[in-house]
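K.L.:
The lines below spell out each chain.
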Amino acid sequence: MNKDNNIKEPEKRAFLKGAGLSIAALLVGGLSMERYAVPKGRSVPVMDNFPLAILEDPNGNPITTSEVIEFAGASKTTKSSPILVFNYPLQDEPTFLIALRGIKITTPNTSPSSGFAPVPPGTDAPMDGIIYDSATNTSILAVSGICQHLGCVPPFLDYHPGQSVPFESQLIGYKLDGVGVQKWPDYGLIYCKCHGSQYNPVWGGRNLYNNGPAASPANHSLPQIMLATDSNDHIYAYGINSSNAVIRTHLKFPDGETHGAGVKNEDLTGGTAIRQSTRTTPTSLNKYSVTSLESVSPSSLDVNQSNGSIILYKTTVVSNENKDGLNWKGTF
Amino acid sequence: MEKTEENNYNITDLMKEEKDLPEGTYKLGFKSVTKKGYRIDEWTGAWVATALIYQIVTGIILFFYYSQVDPYASTQYIINNVPFGHIILTSHLYMAYTMIGLVYFHMMRQWFVGSYKGKFRWLQWILGVFLFLLTVLTAILGYMLANTAIAMAALHIGLLFMQRSVIGRILPGALINWIEAIIVGNYTTTATFSHLLALHVAVLSTLMLAIFAAHFMLFERSGLASEKVEKGKMIPWFPTNLLYAVFSAIILIGIVLIFSATFPQTLTLAYGSLAYGTFPVPDWYITSVYKLMDVAGYGLSTGGVPLIIGILIFMLIIPFIDRYHKKGVLERPWITAFGIYLLIGISVMTIWGYSQPGLTQTRLLTEYMWWAITLVSFLPVYAMRFAKKDGDFNGD
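Protein chains in written order, with our numbering: chain S, 1 to 332; chain H, 1 to 396.
Honestly, I wouldn't trust all of these hints.
Said to hold, decoys possible - Derived PhoX-like pairs: lysine-lysine, alpha-carbon spacing no greater than 25 Å straight-line:
1. H:Lys119 <-> S:Lys8
2. H:Lys3 <-> H:Lys35
3. H:Lys228 <-> H:Lys326
4. H:Lys327 <-> H:Lys3
5. H:Lys228 <-> H:Lys327
6. S:Lys12 <-> H:Lys119
As the list claims (entries may be wrong) - Covered stretches of chain H, going by a simulated chain S footprint (3 or more residues, C-beta under 8 Å):
7. 151-162
8. 176-182
9. 187-201
To be verified - Cβ pair distances, simulated, as ranges:
10. H:Ala210 <-> S:Gln305: 51 to 61 Å
11. S:Val28 <-> H:Phe64: 38 to 48 Å
12. H:Ile182 <-> S:Arg279: 33 to 43 Å
13. S:Val179 <-> H:Leu207: 53 to 63 Å
Since the hints were derived computationally from the structure, they do not count as laboratory data.
C-beta atoms are modelled at their ideal positions from N, C-alpha and C, and glycine is treated no differently.
With these hints in hand, go ahead and build the complete structure from the sequences.
P.N.:
Next comes the structure, spelled out in structure tokens:
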């Protein structure tokens, strides 16, 4: 074949060398071009701190703790309860609002680095960032609705109460009357139908259950969204309890898996801010710290501000059904 | 069994005129073939090309009405308000399914026949593997465009696959950031859909069309792998070949249209909707990949993703590692056996992924399954080869 080819060998070799070098140079040069090619808004936080957001129903009225408990409170005997979801901290970042009757969710007494053993509810104080109604012994908990395995969202990731064992989880052995690890827990699980990740809402911020479906990347709980109430019983979200877990869809790889305070900057990159509210910011909020219920000024919560004043955001809580005269059906 | 032709690795020869033509003449495409060239299995590529052209035509019509600002509502508008919108959208979907199925069929046919050998067919095969990848990627992007819940789950999963797997761990962070920015921009909803739309209708599809043109011209240059040019036996390209192509295209489009009219596509749950009950499963051409991530049983980084990259690299280099000098299925035993292995593996993964999407497998079951498939694909091929040689020997 080569005898028909009238390009001389050395010339051909030089050409190939030149072509190879040019391609290599282009590749290296292309890498350095990355910061010009990537949109400027990328990797820049949408806001500096987590937003303080008031939870509203689809009609624009603030929701109250008693409405949530009436509407969606799940107990050990519940077969089905409405799913409540709102976007937080950014748009398209669904968060579950779950109310559990007859239980006080308490702070885990192990540190995040020492495994994920369950902490049974006891006499401890309610967990930081939940709303606990002592009159009815009910806990209201908000956890991220973005699965920590591969980012599936509601309705694929969904809370199934104690009396409802989803078909997909039966395939991996869960039974209503099972024994040990086969038993569907009393208060059920947040179960992901994409690949079978399981999270136990009773465990609060340390909710990863049975080690999840895949290897290490799934060994993370659903991040807990911090909740507080005001004097009118309205509900506010004011941050993420990053001591347990952080929203992993926004972490940059590699080197992105940081926990703690630094996580805010990473979390809030890429996306759209939730809408601002025209309501006035409450002067004080009631929240559970690790020890007890306390009244705090919103300015002490380290939420997003502009020129020294707190910006109040709003986010809509939607449900899959209308019940008890509450018209909350909608899309998040 | 006939011997294979030699590969020609000097691609500058492509620029030269063909020897059987008068000096100074160049000829592009449209060769005449013998009667044997009209056998139906020689036309698998023509059907894929038909599907591609149909997708372009219907895609342009859909592009007139689709809006990336309001993806789900504009898809509903196409279904409910655009004249013939529902059947165009459905047939665009079904033709995409058909196209992927035909690409598999076309590819495996060439694999078993060994028609990636000789002349420039090695290059044609490599371009074909890229076309296969582009077809599947374009399909996945198209499936995301409607902003259904399953589509957004697929987008999240895709992005996280890239970050979590070897791709994200080995490639420099800047490059991953760049790839993500290409797919979703700065991740706002509008930016995401603008990017997905541009990639689907312009970038990947244009790339596919360009590579297809090169793939097709190489075919016209190398000719059919299974026949020799014989003077006096060639049937002129016009009108026989043209009419044959048009008729087979009409039949294929007709079948797809009948299916589209009988089973019109229903749009699944919009992203952001909440519902209990049963959920859509990913499209069938993704479920095999999806299931592999479970079934490999070794996690994403060490299991599924490297496995898929490995299979793709293997497919790219197959014209060079196939050292058998003869054509024919039993003359190239381990290539044939591996082809069967892939066929069974992909089918099993697809059906399994479709029927039990959220079920994690144990490593033991995984091992049993892969070894069983290996046995089922390799043993019969070598046994038949032995039997055939034995028969040939006794016959002599």
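K.L.:
Now tell me if each hint is right for this structure.
P.N.:
Hint-by-hint comparison with the structure:
no., hint, verdict
1, H:Lys119 <-> S:Lys8, "holds (22 Å)"
2, H:Lys3 <-> H:Lys35, "holds (21 Å)"
3, H:Lys228 <-> H:Lys326, "holds (16 Å)"
4, H:Lys327 <-> H:Lys3, "holds (6 Å)"
5, H:Lys228 <-> H:Lys327, "holds (14 Å)"
6, S:Lys12 <-> H:Lys119, "holds (21 Å)"
7, 151-162, "holds (count 7)"
8, 176-182, "holds (count 4)"
9, 187-201, "holds (count 4)"
10, H:Ala210 <-> S:Gln305: 51 to 61 Å, "holds (52 Å)"
11, S:Val28 <-> H:Phe64: 38 to 48 Å, "holds (42 Å)"
12, H:Ile182 <-> S:Arg279: 33 to 43 Å, "holds (40 Å)"
13, S:Val179 <-> H:Leu207: 53 to 63 Å, "holds (56 Å)"
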